[in-house]
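Fit chain B to the given chain A structure using the hints.
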Amino acid sequence: MAKNHVTTTINGEPVEYLCETQQTLLDVLRDELQLTGSKEGCASGDCGACSVMVDGRLVCSCLVMGVEAEGKSIETIEGMADGDQLHPLQQKFLENAALQCGICTPGFLVAAKALLEKNPDPTETEVRYWLAGNLCRCTGYDKIIRSVLEVAEEAKGA
Amino acid sequence: MNGMRYEAPSSIDEASALLAGASGEARVLAGGTDLLVQLRSGMVAPELVVDVKNIEEMMTYSVNDGAYTIGAAVPSAQLHEDADLLGMWTGVVEAMDLVGSTQIQGRASLGGNLCNASPAADSVPAMIAAGAICNVAGPNGRREVPVEDICTGPGQTSLAKGEIVVSISLPKQAPRTGDAYLRFIPRTEMDIAVVGAGVCLSLDDSGTCTDARVSLGAVAPTALLVKECADALIGTKVDDAAMANLDAAARAAASPIDDKRGTVEFRTKVSGVLARRAAAIALERAGS
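Top to bottom, those sequences are chains A and B. For the first sequence, position 153 matches number 152 in numbering that gives the first Met the number 0, and the numbering has no gaps at all. For the second sequence, position 126 matches number 125 in numbering that gives the first Met the number 0, and the numbering has no gaps at all.
Chain B extracted, bound-state conformation:
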């Protein structure tokens, strides 16, 4: 970390210019719960760290006609304390709340969890299922990027030099919509997902599923948006047959690694189980 420079600009343009102009590696500092560990271990040795927490747009959130725009660096604890947001996007907020301890929750953010680009990041499948869109700013202006298009591999993103995820937009929900995220860990708290599954679905008045998005985490180099899983639900009453198809589609989509936390066989099976269970919770939330 020797010679590392720290900047804490108050505008997006300034932050972007600093990142774009860095001669060596530059890192964005939001909550720092991943970055400081990486700095400490020597995994990264940036020339420049740009703290974005003085940028109001990245530290606030708003709701406009039912659609939320959440600053990428807003701490998770703050989101979880908002009963309206928790009630609307329960799966997204609960997924983020699973990350780390109370202390971590005081700093960790949706934008940080996404841009750290861990395949096991809990909030990412939930955001993908929710149809969340990133508002990205960079030297060439602003663009909107679906959450599923940000991560390209472990620790890798599609963001160009100087680009920052400023905020994340969660769309206005159709009337009967619910979302849920579940993960498997070998304990009850403070662990990294072995498998994660996010589901968001909408029902019409008859209880038929009209729209669905399903995402799997920790079973591929990036969180997956699995169209076949959504297709298993759309047009059904989310009955046992639909759930069996969802399970099969999730297992087919999973391409996990074998490691000390789970075998390929286990992760594949659990992908199906968690997709079903998350769909059942999303269904209940949509119906209520």
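Excised from the complex, chain A in its bound form:
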């Protein structure tokens, strides 16, 4: 069967690709476009390691078909830093060692950025619930939650 031709926008750049119908957006990002920052943890929408933004909504790219990206605007972890300038969340995760193995980190960063754009001053409870769909088996979450809260706090002072 012929592959699907998809025209989309990824991190602000126009992108075209061919994909099989059964490929997920995550498969396309990683295997066709070599954007391997988004990770496959569970492939069933439970772990959030593949989190990306599609038209401004946080989603699991493992639960989006590659063909669905037609005409959409996709943001991935690769678009988070501005050149060599890390996003404040990325910087804070490093400073606080809010990661160990790092597999969940891109998903957490994309999800946390989406939270702060929607709610710049969240409570700890709001952060914990927002990030409930991002699983980390190393850190115990505290450093991650604290990092998000610190970035929000520092943005208020800025």
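Hints in this document: simulated from the structure, not taken from any laboratory. Quantities reported herein were computed from a predicted structural model and do not represent experimental measurements. Every residue gets a Cβ at the ideal spot worked out from N, C-alpha and C, and that includes glycine. A hint or two may mislead.
List time: in silico DMTMM-like cross-link candidates among lysine to aspartate or glutamate, alpha-carbon distance up to 20 Å [unchecked claim]: (1) B/Lys-52 / B/Glu-6; (2) B/Lys-52 / A/Glu-69; (3) B/Lys-171 / B/Glu-93; (4) A/Lys-71 / B/Glu-55; (5) A/Lys-117 / B/Glu-80; (6) A/Lys-117 / B/Glu-93.
Just a few of them, taken from the derived set where beta-carbon distance is under 8 Å, the chain A residues facing chain B [unchecked claim]: (7) Ala-1; (8) Val-58; (9) Tyr-128; (10) Gly-132.
Far from chain A, some chain B residues (derived; all Cβ distances over 10 Å) [said to hold, decoys possible]: (11) Glu-24; (12) Gly-152; (13) Thr-209.
Below, chain B without anything else, positioned relative to chain A:
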């Protein structure tokens, strides 16, 4: 999934014709939060997937004289962001918001939650309690179907080949009306209901319950509309005696399975408890 065909039509008629004309199994793709998991695991292997998200009627919602018509594929996050809708149909919107994570909320929809036909779907008892009506389109035109008549068993619906739930209508509320949905899960987030209970009730000026609908989820092959529960509330001040009758009626209606997430005994008892607690919240919302 080999050879699976993907179509993304922009009209209901086209979508219906594609589904009706499929030679093998065909599936509607809304948010995909159930379908993609099923495709991945091999639970389903459709010949055709029809993505309905390019159909405006399925991706928008409107309010007309107090009645909402919600496109079946509108993502839950969008509904939860609408303060007016959340204020009016708090139970329905909160129930849908319980489904999955933030990421799931960005895609999952009322129509998808309903048509996936899980007995534990959180939004379904809430919609049944609310008296929600599905607007169904198919090869033979349109028909209206109460939400409680869509699911016929786990994973099974009454929809004919080529039929699609286009939108869901929530009726205009009587002046003092409130709704609520509660579920039991062993943790606080990201789990599937062991028991769910949806209640919608209306009060007159004296505080007497004039109308009620009560629905239980995850305690039968489909979500139940329990008339005996409503009867326990209607005509009362929703006092302790009425609540005790509601509790008993809910326990009598529940016919759950035993599984690793809950025993028959536990689910039966919790049916009564959650019906009462949801009624108490609905009562407070109706009174305020």
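Hint by hint, here is what the structure shows:
Taking the CA atoms of B/Lys-52 and B/Glu-6, the gap is near 11 Å; set against the 20 Å cutoff, the hint holds. Of the pairs offered as hints, the one joining B/Lys-52 and A/Glu-69 holds, with about 12 Å between alpha carbons and a cut-off of 20 Å not exceeded. Only pairs whose Cα atoms come within 20 Å are accepted, and B/Lys-171 paired with B/Glu-93 is accepted, the gap being roughly 18 Å. Taking the CA atoms of A/Lys-71 and B/Glu-55, the gap is about 16 Å. The hint holds against a cut of 20 Å.
With a CA separation close to 11 Å, the supplied pair A/Lys-117 and B/Glu-80 stays within the 20 Å bound. The hinted pair formed by A/Lys-117 and B/Glu-93 meets the criterion: a straight-line CA distance of about 19 Å does not exceed 20 Å. Hint status for A/Ala-1: violated, given a least beta-carbon distance of 10 Å to chain B, over 8 Å. Annotation: A/Val-58 was flagged as interfacial toward chain B, and the flag holds, the nearest CB pair being 4 Å apart, inside 8 Å.
The criterion of a C-beta within 8 Å of any C-beta in chain B is met by A/Tyr-128, whose closest approach is roughly 6 Å, and the hint holds. Checking A/Gly-132 against chain B by beta carbon gives a least distance of about 2 Å; that is within 8 Å, so the hint holds. Every CB of chain A is more than 10 Å from the CB of B/Glu-24 (nearest about 14 Å), matching its label as outside the interface. A cut-off of 10 Å between C-beta atoms confirms that B/Gly-152 is not in contact with chain A; the least separation is 23 Å.
Every CB of chain A lies more than 10 Å from the CB of B/Thr-209, the least distance being 36 Å, so the non-interface label holds.
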